[in-house]
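Peer 1: Line order of the protein sequences matches chains P and E. Here the first sequence stands for residues 5 to 388, numbered as in the working numbering. Here the second sequence stands for residues 710 to 783, numbered as in the working numbering.
One thing to keep in mind: the hints can contain errors.
[Said to hold, decoys possible] Subject to a maximum C-alpha distance of 30 Å in a straight line, what follows is the list of computed DSSO-like cross-link-like pairs (lysine-lysine):
id, chain 1, residue 1, chain 2, residue 2
1, E, 734, P, 330
2, E, 734, P, 282
3, P, 95, P, 282
4, P, 95, E, 734
Hints are computed from structural coordinates only; laboratory data are not their basis.
Each chain, written out:
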Amino acid sequence: MRIAVHIPVALVLTLGLGHAQAQTPAAPKGPWFGLTLPGGTRAPAVLVGTRPPRPVAVPPGDASAPEFDAAAIKADVQTIVQFAVDSRARKEVGNGQMWGRISGFPSSDTTVAWAADQFRQAGITDVRLQPIARDARASLWLPLTWRVTLLTDPAFGPGPEDLVLESALPVGPSQIAGGSLTAPLIYVGTASAAVLSHLDVKGKIAVKRGAVGVFNLVRLPGNELSRDFSDCGNPCLNIGGRDGWFPESLLDRATQAGMPNAVRVRVDLTTQTFRGLKAVNAVAVIPGRSPDTVVLNAHADAWFDGAGDNADGLAVLVALARHYGKAATPPERTLVLVASAGHHTPGINGPRRPIRAKRRSRWASPTTRRSCRRSSIAGPPATA
Amino acid sequence: MNVIAERSTFQSGETGGWTELKVAKVSVMQAPPLYHTTGEVLDVSSAPGLERMARFLANFVTAAAGATRAELNP
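Chain P extracted, bound-state conformation (with noise of 0.2 Å):
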């Protein structure tokens, strides 16, 4: 269940001019007014205290289980994260401004062998790759480099360079004719009706409405890069938490200062979008003693370094393969464990794959089938 605590505001873009009225001119005392820079992107939003978490408490009876101990699933973690730090150093998309284990890339085929060398060693012995074939329809769009600059101007004060926001990212499906935009910013709050009713919005602010671009400021701590909100104009960027609160103090400032349209920025942007791109799954079978099927499924695909979305999961589902790989009898029912590409790419289903797989050959390999007490594996008897 995805908590929706992204409370977005947005800046627009526009070729027009403003009509905010001046207020009482503040001379500047310092490079953009004064204002505390937002400092970039490099301190995290999240802090880890030197108090550990709560240890974990065992309940009476639980068996000793090392393939659960803490530390080893926190590390397979850290290796599954490092998959997607890797594609950023390699600049697997673009100049690396974009990264993770995106589907239908290398970091994504990677993370699955990976699963798929852990099942193994494990002692599953029926473990395989599934290639998949991409719906022809579905395209993914990324950006490949981009940069959203602060234009200076020497009424902001003393000596102001101009200033990259660097937690802006482009979302889909934006695009830059010649790649590069200068515009005045507006601001115009939460851009509902009852906002833009009191604004001169003709020609000007949304994007039907003649806006060149949106900003997204992004309400959550730091200054991260984050994904979420597509398709809100064309360009449409996300701002983070430190980046969003500048241009909108700026902007605040200017108006006080009497020039209400001075804020400009430029956005240079390029994008690409794929199509036909390939993928796979890891497919583990633990034969059970019923020809009914438990499937366990964690997506490996993520967006960044994607530790919780899904690199924990993953994790979880490989320390679940130890278990139940190891296990002196085998489980009741026959147990599937996938991990799966395609969450974050359109037309890459993962789940979709080993059902149609299932449906032409089983799940299981025809040794594993040998070796369960009936004569298949099978899932429900409705799609079986």
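Dock chain E against the given chain P, drawing on the hints supplied.
Peer 2: Coordinates of chain E only, in the frame set by chain P:
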């Protein structure tokens, strides 16, 4: 974690991909505020939390593997 302890057609996370099977599905999902952001880094992953989840799922899966069909999909 938000637990929906009743039957629902809502399909969160990865469960939608398994719709064609027409069987009971359970999705375990914990979505922190920094979901889908660069803030989803290793440091914010709780090691004890991972162990708790693994142990819970092992119990859950073992119980599901031994349950009757009626118990799984009443």
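Peer 1: Now, for every hint given, state plainly whether the structure supports it.
Peer 2: Results for each hint:
Between residue 734/E and residue 330/P the alpha-carbon distance is near 25 Å, which keeps this suggested pair within the 30 Å criterion. The hinted pair formed by residue 734/E and residue 282/P meets the criterion: a straight-line CA distance of about 27 Å does not exceed 30 Å. Between residue 95/P and residue 282/P, the direct Cα distance comes to roughly 19 Å. Compliance with the 30 Å bound is thereby established for this hinted pair. Of the supplied pair hints, the one linking residue 95/P and residue 734/E is violated, its CA atoms being roughly 37 Å apart against a limit of 30 Å.
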